[in-house]
Amino acid sequence: MKRGTEKRSIDEDKPAAANYHAHALARGLALLERLATSRHPVTLSELFEETGLPKSTLVRLLSVLAETEYVVRVDERPSFRLGHKVLDLSTAYVSTLDAGASARGHLAELAKRTGQTANLGVLDGTQVLHLCVEEPDRPIRYMSMSGSRDDTHATGLGKLLLSRLEEGELPGFLPAEPYRRRTEHTRTTFAELLADLRVSRERGYAFDDNENSIGLRCLAIPLEAGGEVLASLSVSGPAGELEPARHEALLTELRATAAAMLADHELVTALRVVTRSLLPAAEGRSR
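At position 73 of the sequence shown (counting the first as 1) the number is 64 in this note's numbering, and the numbers step up by one without a gap.
Quick caveat, the hints were computed from the structure, so don't treat them as lab data. Some hints here could point you the wrong way.
Quick list of simulated restraints, FRET-style, between CB atoms [to be verified]:
id	residue 1	residue 2	range
1	I205	A236	17 to 23 angstroms
2	E168	I205	19 to 25 angstroms
3	L242	H12	48 to 54 angstroms
4	E168	M136	25 to 31 angstroms
Every residue, glycine too, gets a C-beta built ideally from N, C-alpha and C.
Go ahead and model the full structure; you've got the sequences and the hints to work with.
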(Lines of atoms letter the chains of each structure in order from A and count residues from 1; the text may use other names and numbers.)
(Lines give C-alpha, C1' and ligand atoms only; values in the text may rest on other atoms or scores of the structure.)
Protein backbone atom coordinates (compact mmCIF):
# COMPACT_ATOMS: atom_id res chain seq x y z
CA MET A 1 0.00 0.00 0.00
CA LYS A 2 1.36 3.45 -0.95
CA ARG A 3 2.38 5.88 1.69
CA GLY A 4 -0.47 8.16 2.67
CA THR A 5 -3.22 5.73 1.61
CA GLU A 6 -3.27 3.66 4.80
CA LYS A 7 -6.72 3.18 6.31
CA ARG A 8 -7.01 5.22 9.49
CA SER A 9 -9.22 4.61 12.48
CA ILE A 10 -11.95 7.18 12.98
CA ASP A 11 -10.56 7.77 16.45
CA GLU A 12 -7.15 8.73 15.01
CA ASP A 13 -8.65 11.85 13.48
CA LYS A 14 -10.16 13.00 16.76
CA PRO A 15 -8.40 15.02 19.41
CA ALA A 16 -7.39 13.12 22.55
CA ALA A 17 -10.18 14.77 24.57
CA ALA A 18 -12.81 13.54 22.12
CA ASN A 19 -11.50 9.98 22.31
CA TYR A 20 -11.45 10.12 26.11
CA HIS A 21 -15.08 11.27 26.30
CA ALA A 22 -16.18 8.67 23.74
CA HIS A 23 -14.56 5.89 25.78
CA ALA A 24 -16.05 7.22 29.00
CA LEU A 25 -19.52 7.31 27.42
CA ALA A 26 -19.17 3.75 26.09
CA ARG A 27 -17.99 2.50 29.48
CA GLY A 28 -20.82 4.27 31.29
CA LEU A 29 -23.40 2.73 28.97
CA ALA A 30 -21.81 -0.68 29.47
CA LEU A 31 -22.18 -0.27 33.25
CA LEU A 32 -25.89 0.55 32.82
CA GLU A 33 -26.33 -2.55 30.66
CA ARG A 34 -24.59 -4.67 33.30
CA LEU A 35 -26.80 -3.32 36.10
CA ALA A 36 -29.86 -4.01 33.93
CA THR A 37 -29.02 -7.73 33.86
CA SER A 38 -29.19 -8.10 37.65
CA ARG A 39 -32.25 -8.20 39.90
CA HIS A 40 -30.08 -7.24 42.85
CA PRO A 41 -27.64 -4.39 43.47
CA VAL A 42 -24.16 -5.02 42.04
CA THR A 43 -21.08 -4.25 44.12
CA LEU A 44 -18.10 -2.23 43.02
CA SER A 45 -15.93 -5.32 43.52
CA GLU A 46 -18.12 -7.36 41.20
CA LEU A 47 -17.93 -4.67 38.53
CA PHE A 48 -14.15 -4.51 38.95
CA GLU A 49 -13.80 -8.28 38.50
CA GLU A 50 -16.12 -8.41 35.49
CA THR A 51 -14.96 -5.34 33.56
CA GLY A 52 -11.26 -5.25 34.35
CA LEU A 53 -11.47 -1.47 34.65
CA PRO A 54 -9.48 0.21 37.43
CA LYS A 55 -11.56 0.85 40.53
CA SER A 56 -10.73 4.55 40.30
CA THR A 57 -12.28 4.66 36.80
CA LEU A 58 -15.36 2.76 37.96
CA VAL A 59 -15.81 5.12 40.93
CA ARG A 60 -15.67 8.16 38.64
CA LEU A 61 -18.14 6.71 36.15
CA LEU A 62 -20.56 5.54 38.83
CA SER A 63 -20.36 8.89 40.60
CA VAL A 64 -21.43 10.70 37.43
CA LEU A 65 -24.22 8.21 36.79
CA ALA A 66 -25.42 8.53 40.39
CA GLU A 67 -25.27 12.34 40.25
CA THR A 68 -27.43 12.31 37.10
CA GLU A 69 -29.77 9.74 38.75
CA TYR A 70 -29.21 6.95 36.23
CA VAL A 71 -27.86 4.74 39.04
CA VAL A 72 -28.45 4.67 42.78
CA ARG A 73 -25.87 3.77 45.41
CA VAL A 74 -27.72 1.59 47.93
CA ASP A 75 -25.14 0.80 50.64
CA GLU A 76 -21.57 1.27 51.85
CA ARG A 77 -20.00 -1.78 50.17
CA PRO A 78 -20.69 0.13 47.83
CA SER A 79 -23.32 -1.47 45.56
CA PHE A 80 -25.48 0.04 42.85
CA ARG A 81 -28.76 -0.42 41.01
CA LEU A 82 -30.47 1.41 38.16
CA GLY A 83 -32.04 4.80 38.91
CA HIS A 84 -35.38 6.28 37.87
CA LYS A 85 -33.93 8.24 34.95
CA VAL A 86 -33.52 4.95 33.08
CA LEU A 87 -37.29 4.48 33.24
CA ASP A 88 -37.80 7.95 31.77
CA LEU A 89 -35.69 6.93 28.76
CA SER A 90 -37.47 3.60 28.45
CA THR A 91 -40.91 5.22 28.61
CA ALA A 92 -39.95 7.78 25.98
CA TYR A 93 -38.63 5.02 23.70
CA VAL A 94 -41.74 2.86 24.05
CA SER A 95 -44.01 5.82 23.32
CA THR A 96 -42.41 6.18 19.87
CA LEU A 97 -42.91 2.54 18.87
CA ASP A 98 -45.50 1.59 16.25
CA ALA A 99 -45.77 -2.16 15.65
CA GLY A 100 -47.79 -1.73 12.48
CA ALA A 101 -45.35 0.72 10.95
CA SER A 102 -42.38 -1.46 11.91
CA ALA A 103 -44.01 -4.54 10.37
CA ARG A 104 -45.16 -2.89 7.13
CA GLY A 105 -42.00 -3.45 5.10
CA HIS A 106 -41.81 -7.13 6.08
CA LEU A 107 -45.46 -7.72 5.16
CA ALA A 108 -45.20 -5.82 1.87
CA GLU A 109 -42.33 -8.07 0.83
CA LEU A 110 -44.29 -11.20 1.85
CA ALA A 111 -47.33 -10.04 -0.17
CA LYS A 112 -45.09 -9.39 -3.17
CA ARG A 113 -43.40 -12.81 -3.00
CA THR A 114 -46.59 -14.83 -2.49
CA GLY A 115 -49.12 -12.77 -4.43
CA GLN A 116 -51.42 -13.00 -1.39
CA THR A 117 -52.54 -10.56 1.29
CA ALA A 118 -50.17 -10.55 4.28
CA ASN A 119 -51.52 -9.89 7.74
CA LEU A 120 -50.19 -9.49 11.27
CA GLY A 121 -52.64 -9.92 14.15
CA VAL A 122 -52.89 -10.10 17.94
CA LEU A 123 -55.63 -11.22 20.31
CA ASP A 124 -57.91 -8.49 21.60
CA GLY A 125 -60.54 -10.20 23.71
CA THR A 126 -62.80 -12.37 21.56
CA GLN A 127 -61.46 -10.77 18.40
CA VAL A 128 -58.21 -10.64 16.48
CA LEU A 129 -56.83 -7.15 15.88
CA HIS A 130 -55.19 -6.62 12.48
CA LEU A 131 -52.07 -4.61 13.34
CA CYS A 132 -50.89 -4.42 9.76
CA VAL A 133 -52.27 -5.57 6.41
CA GLU A 134 -50.42 -5.43 3.09
CA GLU A 135 -52.18 -6.41 -0.14
CA PRO A 136 -50.50 -7.68 -3.31
CA ASP A 137 -50.53 -5.62 -6.50
CA ARG A 138 -53.19 -7.60 -8.37
CA PRO A 139 -56.90 -7.09 -9.11
CA ILE A 140 -58.15 -10.26 -7.36
CA ARG A 141 -57.07 -10.27 -3.74
CA TYR A 142 -58.35 -10.52 -0.18
CA MET A 143 -58.99 -6.99 1.09
CA SER A 144 -58.72 -5.92 4.72
CA MET A 145 -57.55 -2.88 6.66
CA SER A 146 -54.95 -2.29 9.35
CA GLY A 147 -56.74 -1.63 12.62
CA SER A 148 -59.79 -3.73 11.75
CA ARG A 149 -60.98 -6.68 13.84
CA ASP A 150 -62.42 -10.11 13.15
CA ASP A 151 -63.69 -13.16 15.03
CA THR A 152 -61.02 -15.39 16.57
CA HIS A 153 -62.92 -18.64 16.04
CA ALA A 154 -63.35 -18.28 12.26
CA THR A 155 -59.99 -16.89 11.09
CA GLY A 156 -56.54 -18.33 10.56
CA LEU A 157 -54.94 -15.54 12.59
CA GLY A 158 -57.36 -16.00 15.47
CA LYS A 159 -57.25 -19.79 15.53
CA LEU A 160 -53.45 -19.78 15.53
CA LEU A 161 -53.35 -17.45 18.53
CA LEU A 162 -56.03 -19.47 20.35
CA SER A 163 -54.12 -22.69 19.69
CA ARG A 164 -51.13 -21.40 21.65
CA LEU A 165 -53.13 -20.70 24.81
CA GLU A 166 -53.70 -23.15 27.62
CA GLU A 167 -57.06 -24.82 27.10
CA GLY A 168 -58.31 -23.44 30.41
CA GLU A 169 -57.66 -19.89 29.14
CA LEU A 170 -59.75 -20.27 25.98
CA PRO A 171 -63.16 -19.23 27.39
CA GLY A 172 -61.77 -15.74 28.11
CA PHE A 173 -61.11 -15.27 24.39
CA LEU A 174 -64.33 -16.75 23.00
CA PRO A 175 -67.94 -15.52 22.88
CA ALA A 176 -70.82 -17.53 24.29
CA GLU A 177 -71.84 -20.61 22.33
CA PRO A 178 -72.97 -21.05 19.68
CA TYR A 179 -70.34 -18.89 17.98
CA ARG A 180 -71.39 -16.72 15.06
CA ARG A 181 -71.71 -18.80 11.90
CA ARG A 182 -69.93 -16.98 9.09
CA THR A 183 -70.26 -19.81 6.56
CA GLU A 184 -71.37 -23.43 6.52
CA HIS A 185 -67.77 -24.37 7.43
CA THR A 186 -67.51 -22.24 10.61
CA ARG A 187 -66.91 -24.06 13.90
CA THR A 188 -69.72 -22.86 16.15
CA THR A 189 -69.18 -24.95 19.30
CA PHE A 190 -66.31 -25.16 21.75
CA ALA A 191 -65.87 -28.90 21.10
CA GLU A 192 -65.54 -28.40 17.34
CA LEU A 193 -63.16 -25.50 17.72
CA LEU A 194 -61.03 -27.22 20.36
CA ALA A 195 -60.46 -30.22 18.07
CA ASP A 196 -59.29 -27.84 15.32
CA LEU A 197 -57.02 -25.90 17.72
CA ARG A 198 -55.33 -29.10 18.89
CA VAL A 199 -54.53 -30.00 15.28
CA SER A 200 -53.23 -26.48 14.64
CA ARG A 201 -50.98 -26.59 17.68
CA GLU A 202 -49.59 -29.99 16.72
CA ARG A 203 -48.70 -29.10 13.13
CA GLY A 204 -47.52 -25.55 13.95
CA TYR A 205 -49.90 -23.55 11.75
CA ALA A 206 -53.62 -22.76 11.45
CA PHE A 207 -55.76 -23.04 8.35
CA ASP A 208 -58.99 -21.14 7.70
CA ASP A 209 -60.73 -23.17 5.01
CA ASN A 210 -63.68 -21.03 3.84
CA GLU A 211 -64.71 -20.55 7.48
CA ASN A 212 -64.81 -16.75 7.55
CA SER A 213 -65.86 -16.18 3.95
CA ILE A 214 -66.70 -18.53 1.09
CA GLY A 215 -63.92 -18.53 -1.48
CA LEU A 216 -61.28 -17.38 1.02
CA ARG A 217 -58.53 -19.41 2.66
CA CYS A 218 -55.82 -18.36 5.11
CA LEU A 219 -52.60 -19.89 6.46
CA ALA A 220 -51.21 -18.52 9.74
CA ILE A 221 -48.09 -19.19 11.82
CA PRO A 222 -46.93 -17.83 15.20
CA LEU A 223 -44.44 -15.03 15.67
CA GLU A 224 -42.71 -16.37 18.77
CA ALA A 225 -39.77 -14.99 20.76
CA GLY A 226 -38.38 -16.56 23.91
CA GLY A 227 -41.35 -18.88 24.29
CA GLU A 228 -43.82 -15.96 24.04
CA VAL A 229 -46.23 -15.74 21.11
CA LEU A 230 -46.19 -12.08 20.15
CA ALA A 231 -48.52 -12.20 17.16
CA SER A 232 -49.82 -14.29 14.30
CA LEU A 233 -48.58 -13.89 10.72
CA SER A 234 -50.70 -15.01 7.78
CA VAL A 235 -51.32 -14.99 4.06
CA SER A 236 -54.91 -14.94 2.75
CA GLY A 237 -56.32 -15.24 -0.72
CA PRO A 238 -58.62 -17.02 -3.16
CA ALA A 239 -59.40 -20.57 -2.05
CA GLY A 240 -58.13 -22.06 -5.30
CA GLU A 241 -54.69 -20.51 -4.75
CA LEU A 242 -54.29 -21.72 -1.15
CA GLU A 243 -55.15 -25.36 -1.70
CA PRO A 244 -53.18 -27.95 0.34
CA ALA A 245 -50.69 -28.63 -2.48
CA ARG A 246 -49.40 -25.05 -2.12
CA HIS A 247 -49.22 -24.99 1.67
CA GLU A 248 -45.60 -26.01 2.04
CA ALA A 249 -44.33 -23.32 -0.35
CA LEU A 250 -46.42 -20.66 1.37
CA LEU A 251 -45.36 -21.83 4.83
CA THR A 252 -41.72 -21.55 3.73
CA GLU A 253 -42.31 -17.91 2.80
CA LEU A 254 -44.19 -17.23 6.04
CA ARG A 255 -41.38 -18.73 8.14
CA ALA A 256 -38.72 -16.73 6.30
CA THR A 257 -40.67 -13.54 6.95
CA ALA A 258 -41.20 -14.49 10.60
CA ALA A 259 -37.44 -15.00 11.03
CA ALA A 260 -36.73 -11.57 9.53
CA MET A 261 -39.33 -9.95 11.78
CA LEU A 262 -37.93 -11.61 14.90
CA ALA A 263 -34.48 -10.27 13.97
CA ASP A 264 -35.98 -6.76 13.97
CA HIS A 265 -35.49 -5.82 17.64
CA GLU A 266 -37.58 -2.67 17.46
CA LEU A 267 -40.53 -4.60 16.01
CA VAL A 268 -40.24 -7.32 18.66
CA THR A 269 -40.22 -4.69 21.41
CA ALA A 270 -43.26 -2.95 19.90
CA LEU A 271 -45.16 -6.24 19.70
CA ARG A 272 -44.36 -7.04 23.32
CA VAL A 273 -45.76 -3.66 24.34
CA VAL A 274 -48.97 -4.25 22.35
CA THR A 275 -49.44 -7.81 23.60
CA ARG A 276 -48.94 -6.92 27.24
CA SER A 277 -51.20 -3.88 27.02
CA LEU A 278 -54.06 -6.13 25.83
CA LEU A 279 -53.41 -8.92 28.36
CA PRO A 280 -54.93 -7.39 31.54
CA ALA A 281 -58.37 -6.94 29.98
CA ALA A 282 -58.35 -10.53 28.75
CA GLU A 283 -57.35 -11.82 32.19
CA GLY A 284 -60.25 -9.90 33.73
CA ARG A 285 -62.73 -11.53 31.35
CA SER A 286 -61.44 -15.05 32.08
CA ARG A 287 -61.93 -14.79 35.84
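Hint-by-hint comparison with the structure:
1. I205 to A236: 17 to 23 angstroms: 20 angstroms, holds
2. E168 to I205: 19 to 25 angstroms: Given a distance of about 23 angstroms, which is inside 19 to 25 angstroms, the answer is holds.
3. L242 to H12: 48 to 54 angstroms: Between L242 and H12, where Cβ atoms are some 51 angstroms apart, the hint holds.
4. E168 to M136: 25 to 31 angstroms: 29 angstroms, holds
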